[in-house]
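Trainee: Using the hints, position chain W against chain P.
Protein chains in written order, with my numbering: chain P, 1069 to 1173; chain W, 8 to 157.
One or more hints might be untrue.
What the hints assert, rightly or not - Okay, the calculated beta carbon distance ranges per label pair:
| id | chain 1 | residue 1 | chain 2 | residue 2 | range |
| --- | --- | --- | --- | --- | --- |
| 1 | W | PRO107 | P | ALA1166 | 14 to 24 Å |
| 2 | P | ARG1121 | W | HIS72 | 23 to 33 Å |
| 3 | W | GLY54 | P | ALA1080 | 19 to 29 Å |
| 4 | P | LYS1141 | W | THR106 | 41 to 51 Å |
| 5 | P | PRO1158 | W | LYS38 | 15 to 25 Å |
By construction, these hints were calculated from the structure, which means they are not laboratory data.
This one's a predicted model, so the numbers in the text were calculated from it and none came from an experiment.
By construction, the Cβ of each residue, glycine as well, lies at the ideal position given by its N, Cα and C atoms.
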Amino acid sequence: MQRQDTVFRALADPSRRAIFERLTRGEAAVKDITARFDISQPAVSQHLATLRRAGLVSERRDGRLVYYRVDPKGLRPLIDWIVHYQAFWPEHLDRLQALLKEMDA
Amino acid sequence: MSAKADTQSIALEYDLPHPPAKVWRALTDPKLLASWLMASDMRPLVGHSFSFRAEPTPWWDGIVHCEVLEMDLHKRLRYTWRSGPESSPLDTMVTWTLTPTPSGGTRLALEHSGFVPGNAFAFDGARKGWERMLGEGLSEVLARDAGSGG
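The following block holds chain P by itself, in its conformation from the complex:
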């Protein structure tokens, strides 16, 4: 639950959302992101740290460079409830039917 609030808070900021959106299209280093957006390098690093704490992005070190990419698991809290229940109910109604077969009349 706290985890979800962290995710929402991380994505509430338009700059962070823009950076995150950029990362959904592929891995990038801080300098790639700084070049694309009108934000200073320290600010970009700050935003990336927040996204990383929220579990939305992961980092990979390659020599002196750090590459950031979207961590798909971090997106799970954002999946809409209706999507969840569209899978939930058919699955559980299959179990209901199996149970009914076992029950006495």
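Mentor: Just chain W, lined up with the frame of chain P:
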């Protein structure tokens, strides 16, 4: 049943070879509910508050809060289905309708109504942007994640 214009529903229908009284038991007996749905202290009495409990996840406490709104023995059962954290509340309603079939079975209809589409994304009025994004990059990411369960 007509839902509000800004909400969505899930509707499912099943033809079961079992009589309504038996299906009703599976929908209302906590012991039976535990074996196909979730652990519950449900009692089919209008006004009765109860809950369903599942394994908590990092973003959900696993508790569904319910209150029986309507009960017509062996025919119709309606309860609230409220859950989720404040940032993405789920305030919905579940309706079970049981109709006897000529062969002695039951037509079981489930309606889960009241979903606010994308309510998770509406929190700062950024829904339009989210929808655009969901249509492109995010859906690809989610597709890549499909194999890892959850």
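Trainee: Give a verdict on every hint.
Mentor: Against the structure, the hints:
{"no.": "1", "hint": "W/PRO107 - P/ALA1166: 14 to 24 Å", "verdict": "holds, 22 Å"}
{"no.": "2", "hint": "P/ARG1121 - W/HIS72: 23 to 33 Å", "verdict": "holds, 30 Å"}
{"no.": "3", "hint": "W/GLY54 - P/ALA1080: 19 to 29 Å", "verdict": "violated, 39 Å"}
{"no.": "4", "hint": "P/LYS1141 - W/THR106: 41 to 51 Å", "verdict": "holds, 43 Å"}
{"no.": "5", "hint": "P/PRO1158 - W/LYS38: 15 to 25 Å", "verdict": "holds, 23 Å"}
In terms of the numbered hints stated before, the structure departs from hint 3 and from no other.
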